[in-house]
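Mind docking chains B and C on chain A? Use the hints.
Protein chains in written order, with the numbering used here: chain A, 1 to 310; chain B, 1 to 445; chain C, 1 to 300.
A portion of the hints provided could be inaccurate.
Said to hold, decoys possible - With a straight-line Cα cutoff of 27 Å, these simulated DSS-like cross-link-like pairs (lysine-lysine) come out: (1) 131(B) / 71(A); (2) 119(A) / 216(C); (3) 185(B) / 56(C); (4) 71(A) / 440(B); (5) 191(B) / 252(B); (6) 179(B) / 56(C); (7) 216(C) / 307(B); (8) 440(B) / 255(A); (9) 373(B) / 363(B).
Stated by the list, open to error - Some chain C residues close to chain B (C-beta under 8 Å, calculated; not the full set): (10) 55; (11) 77; (12) 80; (13) 81; (14) 155; (15) 160; (16) 242; (17) 244; (18) 254; (19) 255.
What the hints assert, rightly or not - In silico contact screen, one side only, chain C against chain A (beta carbon under 7 Å); selected entries: (20) 71; (21) 129; (22) 133; (23) 198; (24) 202; (25) 232; (26) 264; (27) 267; (28) 273; (29) 274; (30) 276; (31) 284; (32) 285.
Read the hints as simulated data drawn from the structure, not as lab findings.
C-beta: ideal position from N, C-alpha, C; glycine also.
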Amino acid sequence: MTNNIASADRPDGTPRKGRAVRLSGRDRIALAVMVTIPVIVVGGLVWFPTFASIGLSFTSWDGIGGITTAKWIGIENYNQVATIYPGFWPAVRHNLIWLAYLTFVATPFGLFLAYQLDKELRGSRVYQSIFFLPVVLSFAIIGFIVQLVYSPTQGLINGLFGTDVDWLGDPDVNLWAVLVLVGWRHAGYIMILYLAGLKAVDPSLREAAAMDGAGEWHAFRTVVFPALRPINIVIVVVTVIEALRAFDIVFIVNKGRNGLELLSILVTNNIIGEASRVGYGSSIAVILIVFSIIPIIVFVWNSFKETEKA
Amino acid sequence: MSDARHSSSGPSEVSATGVSRRKLLVTGAAGAAAAYGLSASGASARGLSSSIFKSAAAGSTSFGSNASDPVPKKAYANVFKAFTAKTGTKVDVNTVDHNTFQEQINSYLQGRPQDVFTWFAGYRLQFFAQKGLLTPIDDVWSTLKPQFNSAFQNASKGADGKFYFVPMYAYPWALHYRKSLFAEKGYKIPKTWAQFIALCKKMQADGITPIAFADKDGWPAMGTFDILNMRINGYAFHIRLMAGKEPWNGAKVKAVFNTWRQILPYTSDGALGLTWQEGAAQLVNKEAGMYMLGTFVGQQFTGADAKDLDFFPYPAINPKWGQDSVDAPIDGFAMSRKAKNTKEAKQLLTFLGSAAAENIYLKSDPNNFGANKNVSKARYTATQKKSAALVAGSKNIAQFLDRDTRPDFASTVMIPAIQQFLNKPDDVNSLVNSIQKQKKAIFGF
Amino acid sequence: MTTVATTEDTRPVRKRPLSVSRIILHAFLIITALFWLAPVAWAVFTSFRPYADTAKNGYVSFPNTLSLDNYRNAWSQAEIPLHFWNSMIVTLPAIVLILFFASMVAYVVSRFSFWFNVPLLIFFMAANLLPPQVIITPVYQMFLRIPLPTWLSESGLAYDSFVGLIAINVAFQTGFCTFVLSNYMKTLPKSLTEAARVDGASVTRQFFGIIMPLCKPAFAALAVLEFTWIYNDFFWAVVLMSSGDKRPITSSLTGLSGQYFTDNNLIAAAAVLVALPTILVFALLQRQFIGGLTLGSTKE
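Extracted from the complex, chain A is given alone in its bound form (with noise of 0.2 Å):
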């Protein structure tokens, strides 16, 4: 740890910086555990294992017994894996059509909710409410509410509409029709964040785009959304993760078979459950580190450089 340390030197906007302070012992000593304390706890319960699992991947393993019982086999997974497993590119293609989705369909709706709720409008207080709902609620009751509005023979769309689409079953349609659930849950999440966010931009700019007689469009485009930006990067990496993360409904709907699989599905399916490959689903978790490290990655760079420009 160094001792010189630069006072912080925001928010007030005045760098402070080479204003070095010279930390006491005892400063240093606390400041050390402070950090120490949780590196612990993440690094032994999340890294550590996450490590592990890239090793696992390289090897033959049912989960019984010690891990001394675990056979090395190289990349065999790996190509197993991209070679002779089905599930495993409709995986990968439903997961970028996840990604699309998000991007273009939820998070946009989301942050369209946002915007017009952070206008001072009567009511607002209930409408986020009423749309942030579907993120609170549990899985069970979403998987409760898949089948009353899906089933082809006994649920609501069907019955109400006459039509007679297996929402469900088939696997050209069920994607679509749990993405409208998908999307009904992510907006609400987005629409949240963005609401936060919004409260970041002064609104005398926003006003004073409007009143330069400028659409609304237009001063949204430039004035708040550009303000929107370090949001703008928070909402990206959450959005590629929940696609990434995707799970718990397709889960429930049909443990991510016909038609619905999904990497961490995939996963699941190998490692939890009896007689377990674990090596094998090792290996697929991996991919889906590889994946999931891109947007970590541009989203630290991005808000270090936040930090560093303030």
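Here is chains B and C on its own, set in the frame of chain A:
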């Protein structure tokens, strides 16, 4: 079942600990019956069991249960009460829901398992026995042997020939139908494939879906695969195939899928989007004529409908095998390797295998029949009687696809494969080749 | 300290007269809200119907009877009070620990300029973004090998113990809170701690005496989110808790599904009961929630 649910829904009866005095009396009587059941089963058995029972006056053992439904949960509670009344040994029960219990079995057995736990016969038993996660219980079986016929005895053994399992009950898979519908339309129970297809055509002409079919959850269609395979290729081939010892891309397995394709036009539309309960609803409402499912389908029939429900064995296809095999999964108990109270656990297993224990349990479970030979048939429902007769009359008993093969193969390969077949029934070649490749990867040969 | 600009919404509320565009906006929002509510309302409605009724007539049918029976049965069958208590045993300490750990790291990262600030943030943030399936096997194996005194864990292990469940939730969620809190702390004027430091206050005094109290709005917001996430978690509990009677409420709901038969109406009733606390928490803390959630704010 449904009736039992509703009648048991009064708040005072449902609470897990709230046992009315009346119930205790019933249990006491059952305990007496237990004593009778054991002594009836042979002199040597009596000698051994009583010595086991005497030796531990006030020990305790533990039981990991997957019976989370209120009805079986209560039934087990009654069984344990009888056990404790008889032996003084207490039973600590840990109940986890059925699916979670099953999926977590691997970590459960390596973690802190209870002494005795609910499990299944078949490859699923042998697998964990081979992995050294179970305790062999040959000594328990020295008492139990005379009480079970050879099919149940064989189902209780590991690959090493030792006993690892005590069977409790079983239920067959068969074609269910409504007697009133068959009577009304003059349908006859088909014995052969030709008759079966003819019946399907007739039903379709009558505007009825011939065969209810639902496979959203992935496992129900396995029942159809099993029976077709056993009817076409015989039981021995089926078991070897399940053990990974036969190729999946050979002519025999292709024949199964090709035969299956013949009846797909007669099954429910959109089967991949239906739960078995929705499939059963089609049978209840007479929208469908037949339904290949386990006898638990009876849980969807209430009141008069329940009496109208009947079943018959799947028609013969290859005359060489006739109708000699049936899927009849057996549920029962095993003892974990990490069991702490070995003596008490064995005592409990001996009791659980007894006719007395099964009598108590089966009272509340009208869709399964007892594994023990001496179980009281007086109270059997028509379904239980027919089930027992069907299984007793079958030369071979299979356990169901996901119990007869490696669980990882069943869930990660076979469920998606069968669903793919249902989506694209014409592409059998590439399907069986894909299964074969994955089989090789999983079994390692 | 009174002049601290928190990010709480301080704009004057000027109710505008209802213009045409406002009416259109309201119409749009009301219709959207109805779409949003419909599935939930439908589920709640169905939870009042007995299974026998919907099994026979389908879910889209006129109800013959509406009753609280499903709720009554769910309450006792799912042992809601017991499992709700389990959820609290896990959730509340976890939230406290998460906020405590996160604020310590956020404090160091936001108020001092160490070389390791950015790597540290990456270390914490990225941990929160990993899919939980990725680490479950090693975590499970570790938990089987971590001994705990029996007064902490009946099983004598981190496996099948509340402590273990709390620990994994803390480890997984600390990153997100660290990020939000560090952003929040950056908005606090540095002059506050400066004065205290000149007076000779130690960093711990500055942290506990000045920074922590000012973070209350952010704590409230994060507590709401974390409550929702941990309370609704089902993944960790199912794998790491083998005793059925120690499972938190969300994972215990699966106990209502039978081997074959599942009474969906009963589950719906149970799910509504389970959802009530999260809805309540959100409703009560909504104002603080949005106010305290600072994600890279630029306003000062």
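- Query: Which hints, by number, does the structure contradict?
  - Reply: 7, 12, 13, 20, 23, 28, 30, 31 and 32
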